[in-house]
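Here's the letter readout for the chains.
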Amino acid sequence: MIGTAAMPEAEAITFRNVSKVFGGVHALDAVDFSVGAGEVHCLAGENGCGKSTLIKIITGVYQPEAGAQMQLFGQALPQITPTLARKAGIAVIWQDLALFAEMTVAENIAFETMLGNRPRRVNYAAMRAKAQAALDRLDVTLDLDARLGTLPIAQRQVVAIARALVSDARLIFMDEPTASLTQSETDALLAVVRTLSMRGVAVVFVSHRLAEVLEISARVTVLRDGKLVGVYPTAGMTQSRLTELMTGKTFDQVVAARDTLANPVVLQVENLSRRGEFADVSFSLRAGEVLGLTGLIGAGRTELGHALFGMTRPDAGVLHLNGRPVSLRSNREAVAQGIAYVSEDRLALGLIQPQSIADNTVLSVLRKVTGRTGLLAADRQRDLVAHWIAELAVKIGQPEDAVSTLSGGNQQRVVLAKWLATEPKVLILDSPTVGVDVGARAGIFRIVRALADKGLAILLISDEVTEAHMNADRILHMAGGRIVGEYDPRQTSIAALEAAVYA
Amino acid sequence: MTVLYTRLARAFGAEVPGLLGFLALVLVVFGIMAPNFLTAANFGSIAFQLPELGILTLAMLIPIISGGFNLAIIYTANMAGLTLAFVLNLYGGPEAGVLPFVFGSVLAIGVGAASGAVMGLVIAYIGAHPILVSLAMMIFLRGLGEFLTKGGDISGFPPYLAVLGHGSVLGVPVPLILFGVCAVVWHVLLTRTRHGFAARMIGSNIRATTYAGIHTKRTLTLIYTLSGVMCAVAGILMLARFNSVRVGHGEALLLVTVLACFLGGVDPFGGFGRVVPVVIALVVLQVLSSGLNLLGANQHLSTAVWGLFLIAVMVLRWGAGRYRQRKPGKG
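Residue numbers (our numbering), protein chains in the order written: chain A, 1 to 503; chain B, 1 to 331.
Heads up, a few of these hints could be off.
Stated by the list, open to error - For lysine to any residue, the following SDA-like pairs were computed, each having C-alpha atoms within a straight-line distance of at most 20 Å: (1) A:425 - A:455; (2) A:395 - A:405; (3) B:217 - A:367; (4) B:217 - A:312; (5) A:56 - A:121; (6) B:217 - A:198; (7) A:368 - B:210; (8) A:425 - A:261; (9) B:150 - B:272; (10) B:217 - A:311; (11) A:368 - A:336; (12) B:217 - B:118; (13) B:217 - A:313; (14) A:368 - B:150; (15) A:368 - B:190; (16) A:368 - B:192; (17) A:56 - A:81; (18) A:454 - A:393; (19) A:395 - A:434; (20) B:217 - A:330; (21) A:454 - A:259; (22) A:87 - A:61; (23) A:368 - B:215; (24) A:368 - B:193; (25) B:217 - A:455; (26) B:217 - A:348; (27) B:217 - A:332; (28) A:56 - A:19; (29) A:249 - A:466; (30) A:227 - A:393; (31) A:368 - A:338; (32) B:217 - A:323; (33) B:150 - B:246.
To be verified - Now the in silico label distances, taken between C-beta atoms and shown as ranges: (34) A:499 - B:136: 28 to 36 Å; (35) B:136 - A:312: 29 to 37 Å; (36) A:312 - B:244: 53 to 61 Å; (37) A:102 - B:126: 20 to 28 Å; (38) B:38 - A:354: 40 to 48 Å; (39) B:140 - A:395: 51 to 59 Å; (40) A:95 - B:255: 33 to 41 Å.
No lab work stands behind these hints, which were simulated from the structure alone. Nothing here was measured: the structure is a model prediction, and the numbers come from that model. In this text, a Cβ means the ideal position worked out from N, Cα and C, and glycines have one as well.
This is chain B alone, in the form it adopts within the complex:
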């Protein structure tokens, strides 16, 4: 047991064993209380709901690790979705072929990257606070998006997009596969690349990182650019899932992504955070909400439970920290 614990903790982060325990507990409790909880249908629906929130959380994760924040993730995703929608409509809406979709997606990712790059440049070179910069970007994108769509929806997309939003490959939902790929890419980025390494160091102490000879300005710009790219991926997925694009779609998810990061043990002050525990935290959140849903609880109640859950986790971490300090050898 202890061997498993240390192995998991070392490979994926100290938070992993505890979060897996939490997940098991939640599964058992709901399994007993809600008769149709442990069913393929229920897990299927969880698997389709998780990816949007998951990809948006990945977009939030790296700015937080670098000691910053990205408030503009939702509207960047919306704006990327709009870009794709415009391109599809230009090529005939429901009749548009695959090529316009590819072209539109590339353009959408470009829009996401541009939004992130602008924020990154301002944060890195002007030294403005990330919360202010991303707040400004968020308001700008919202206004621009509402101006372009006149506050309405854009819909009428080619039917093959249903494969991306609702299809499965060998029983695995396509959105989940997309999320899986994104998570693996992010995990590798953070643990195995120089920029990911530098992002963590910047999060702890940007001046010392600069003194060590790291091009911190470039790395910061890249971090926000990548965050924007991830937003764009989420925006494309949302378009496929809802078969429509509307500015403000997914607005409620913004703070949930922050919640998921902190549940996953990301340091709110930057410097520490890993992908795997954040993914598990996302699963816990989604399982909690679907379980409560099956019990007939109101959607609002499940949001309340999420809040309680975060407080409980903080109390438990505090307790675990005190327990560790009491152990002999430290003084």
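Next comes chain A alone, as it looks inside the complex:
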């Protein structure tokens, strides 16, 4: 059992009755928020619940509506500016970290101490000393001269934390810090946070991944639709209870698995290998089946997905599609053969964010919306887009709006629409709920289940064991590039599966 931080004695920050209105909409409505000195606190809520707005008010980026009471470290303030918040010791580490990839670790940590109003020479020795001192306070060893771009995300995060310490932060907000970390990296990060907490630095996690939240925080503040739901001690809090609080709905955590072994095999994979990525992978995927593929990041799951989609070519092994051997030279051939791939990186690969919802939807089926003249037919495009938006219940304004204006869940529905329009036989879903709210996830999986019921063969790649357990008919466990186990969710508990995967 990992110890949780003690309940706070002194308050680091206290905010009362904070409201913020944008264009007549209450982004925040009379919210109270406080964090104790050295406390590890969690700020939980779905996208759009007001988390970011609250952080921006605390850091002085936004000004709250009249009537708010604000206290930083015991000092009541009528107004907070970004400079004031920084001087008081409040730091935010956003998800993108805002570091310089071309600069060294030492420069990234301590460059701000070298900034000033007058030009002067950079004192590299002092900069290194400051950087080293900050890392020492975290009990972490890093090469000060390594270029940041060469480090894994987990170590970059440590650099970002050290940078906050250099400017004497006493309260650090961390936005989705564990989103792209493996379990062991997450554990290392949590250890750093615990060290911070012991030294009196408060940390506020802003997170979607709930299990970690419960593990390390003393208290959870839950926001929903700009309103405060409540502040709860984490002792006795369960994951499902927290989900209910965030969404205001109850979710039945029932295993959806059914017996699909009698269904015909659609995709047969035999001894597929690709040097440095995966080796000797064999499995069969049946019509109407949701086959879970889980394992840690780096286990080769996404690499396998890429090979099945023809993005890379395996060194050895055979693929059979509906009994016929296929060799995929590109993802265009995979699409033509009826294989669709929903990328884990929706922002960079899944959708073309600045382009319209309509254009994103028809992109993979341009031939289908081409008329007899060989030109794209506007009416066919419109009909196809309207059909899929209705079919998948995507909530949009206008089909001409940029896809980036949609929430994560609705964006993922557009990705699904794009691929379903190709009428695939095999659908590969790579971490389909990354960046999707808890409430919207259930909707995505309802669609997945309905597609399986219509006979689509679905490979569900997920690093969230719970997600695979609840939604797959069978689960394959991948580690070190190999399939190391197969589980039936009806006969294996989540705990047993987690123990196997995180071992």
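We have chain A already, so just place chain B on it with the hints.
Chain B in isolation, oriented as in the chain A frame:
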């Protein structure tokens, strides 16, 4: 009024109503200030000057929409013109018949296409930056052209070419008709064909476009090839207009084509851009310069005014963007 605005914006692009307003303003101001501005003669001269710049701008437009650039447009046009000139000279210069002209034009278009295809292949398959690739092509073509012509002009073409350069059909200048046809073809290409669609998507995010199953390498190659073809058309027109070919002819137009694209609302980072607003932007530029000319201003001053105009348009767009954001419903 609002209905007209939304209709225009939807059919031809959000930039169109604003640009038409600008055009009207420029026409009114010069109409008052310069007595012989609103005359058939003046508009006739505008109509003859516009097409070269216009066709070259079309050649620049699609690479920019695909997130790239084509610095080699002028020298590709020159090289295509040279090709035609060589063929005509081979068949007797001023005495050459129509058939050599047709043959030479096809060859010229082939040269333009080849120049574009080479750039496209290198950009698509090697992943080199379009600015570098087209810069290399530009320098290569300039050197090659100067070597072939020894730095001089080639002239002495058959008289019937004057019809293409200076003739009119039913009062409409032939060059303008040619430009009109090219613009319509480009509009259809960009809005109604799979490659045009893919070009826009590539401009926004080439990796995501590849993941969606689009043959992005082939499309990129085609984009630069078509750009080269359009350059060749411009090169043939320039030959007919000036009755001579010289390497470096029209050099000053290179950056003006970029200016016209951005005035026409083409996204400098790729992904967005339409033909109609770019054509209107071209008309505005040409009207501005001819108006200033009639007022007795120096040619250099009109270039300066073009620069100011682009800055003004950027400021106005920024203002319009802020105004739109302030409107309720966004937060």
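Okay, the hints, checked on the actual structure:
A C-alpha spacing of about 8 Å is found between residue 425 of chain A and residue 455 of chain A, which places the hinted pair at or below 20 Å, so the restraint holds. For the suggested pair residue 395 of chain A and residue 405 of chain A, the alpha carbons sit about 11 Å apart, so the restraint of at most 20 Å is met. With a C-alpha separation of about 18 Å, the suggested pair residue 217 of chain B and residue 367 of chain A falls inside the 20 Å cut-off, and the hint holds. Taken as a hint, the residue 217 of chain B and residue 312 of chain A pair is honoured in the structure, with Cα atoms around 16 Å apart against an allowance of 20 Å.
Annotation: proposed proximity of residue 56 of chain A to residue 121 of chain A is violated, straight-line Cα distance about 34 Å (limit 20 Å). Simply put, residue 217 of chain B and residue 198 of chain A have alpha-carbon atoms about 55 Å apart, too far for the 20 Å limit, and the pair is violated. With a C-alpha separation of about 18 Å, the suggested pairing of residue 368 of chain A with residue 210 of chain B holds against the 20 Å cut-off. A C-alpha spacing of about 17 Å is found between residue 425 of chain A and residue 261 of chain A, which places the hinted pair at or below 20 Å, so the restraint holds.
Taking the CA atoms of residue 150 of chain B and residue 272 of chain B, the gap is about 41 Å. The hint is violated against a cut of 20 Å. Restraint check for residue 217 of chain B and residue 311 of chain A: the C-alpha separation of about 14 Å stays at or below 20 Å, so the hint holds. With a CA separation close to 13 Å, the supplied pair residue 368 of chain A and residue 336 of chain A stays within the 20 Å bound. About 13 Å separates the Cα atoms of residue 217 of chain B and residue 118 of chain B, which keeps this hinted pair within 20 Å; it holds.
Taking the CA atoms of residue 217 of chain B and residue 313 of chain A, the gap is near 18 Å; set against the 20 Å cutoff, the hint holds. Of the supplied pair hints, the one linking residue 368 of chain A and residue 150 of chain B is violated, its CA atoms being roughly 53 Å apart against a limit of 20 Å. Proximity of residue 368 of chain A to residue 190 of chain B is assessed by CA-CA distance (about 18 Å); at most 20 Å being required, the pair is judged to hold. Annotation: proposed proximity of residue 368 of chain A to residue 192 of chain B holds, straight-line Cα distance about 13 Å (limit 20 Å).
In summary, the hint linking residue 56 of chain A to residue 81 of chain A is supported, as the alpha carbons are separated by about 10 Å, within the 20 Å threshold. Restraint check for residue 454 of chain A and residue 393 of chain A: satisfied, since their Cα atoms lie roughly 17 Å apart, inside the 20 Å limit. Pair hint residue 395 of chain A plus residue 434 of chain A holds up; C-alpha atoms about 19 Å apart against a cutoff of 20 Å. The straight-line distance between the Cα atoms of residue 217 of chain B and residue 330 of chain A is roughly 12 Å, inside the 20 Å bound, and the hint therefore holds.
Restraint check for residue 454 of chain A and residue 259 of chain A: the C-alpha separation of about 15 Å stays at or below 20 Å, so the hint holds. Between residue 87 of chain A and residue 61 of chain A, the direct Cα distance comes to roughly 14 Å. Compliance with the 20 Å bound is thereby established for this hinted pair. Distance check on the hinted pair: residue 368 of chain A and residue 215 of chain B sit about 16 Å apart at the alpha-carbon level, within 20 Å; holds. Straight-line distance between C-alpha atoms of residue 368 of chain A and residue 193 of chain B comes to about 12 Å, which keeps the hinted pair within the 20 Å bound.
Among the hinted pairs, residue 217 of chain B with residue 455 of chain A is inconsistent with the structure: their alpha-carbon atoms are about 34 Å apart, more than 20 Å. Proposed proximity of residue 217 of chain B and residue 348 of chain A is supported: the alpha carbons are some 18 Å apart, at most 20 Å. Using a Cα cut-off of 20 Å, the hinted pair residue 217 of chain B and residue 332 of chain A holds, with the two alpha carbons roughly 12 Å apart. Between residue 56 of chain A and residue 19 of chain A, the direct Cα distance comes to roughly 12 Å. Compliance with the 20 Å bound is thereby established for this hinted pair.
Proposed proximity of residue 249 of chain A and residue 466 of chain A is supported: the alpha carbons are some 19 Å apart, at most 20 Å. For the suggested pair residue 227 of chain A and residue 393 of chain A, the alpha carbons sit about 27 Å apart, so the restraint of at most 20 Å is broken. Taking the CA atoms of residue 368 of chain A and residue 338 of chain A, the gap is about 15 Å. The hint holds against a cut of 20 Å. Note on residue 217 of chain B and residue 323 of chain A: the hinted pairing is violated, with a Cα-Cα distance of about 32 Å set against a maximum of 20 Å.
Among the hinted pairs, residue 150 of chain B with residue 246 of chain B is consistent with the structure: their alpha-carbon atoms are about 10 Å apart, no more than 20 Å. In this structure the supplied range 28 to 36 Å is violated for residue 499 of chain A paired with residue 136 of chain B, their Cβ-Cβ distance being about 59 Å. For residue 136 of chain B and residue 312 of chain A, the hinted distance range of 29 to 37 Å is satisfied, since their beta carbons lie about 31 Å from each other. A beta carbon spacing of about 55 Å between residue 312 of chain A and residue 244 of chain B agrees with the range 53 to 61 Å that was offered as a hint.
Distance hint check for residue 102 of chain A and residue 126 of chain B: the Cβ-Cβ separation is about 24 Å, which falls inside the suggested range of 20 to 28 Å. For residue 38 of chain B and residue 354 of chain A, the hinted distance range of 40 to 48 Å is satisfied, since their beta carbons lie about 42 Å from each other. Take residue 140 of chain B and residue 395 of chain A: their Cβ atoms lie about 53 Å apart, and the range 51 to 59 Å holds. In this structure the supplied range 33 to 41 Å holds for residue 95 of chain A paired with residue 255 of chain B, their Cβ-Cβ distance being about 40 Å.
Figure legend: structure checked against the earlier numbered hints; hints not met, in rising order: 5, 6, 9, 14, 25, 30, 32, 34.
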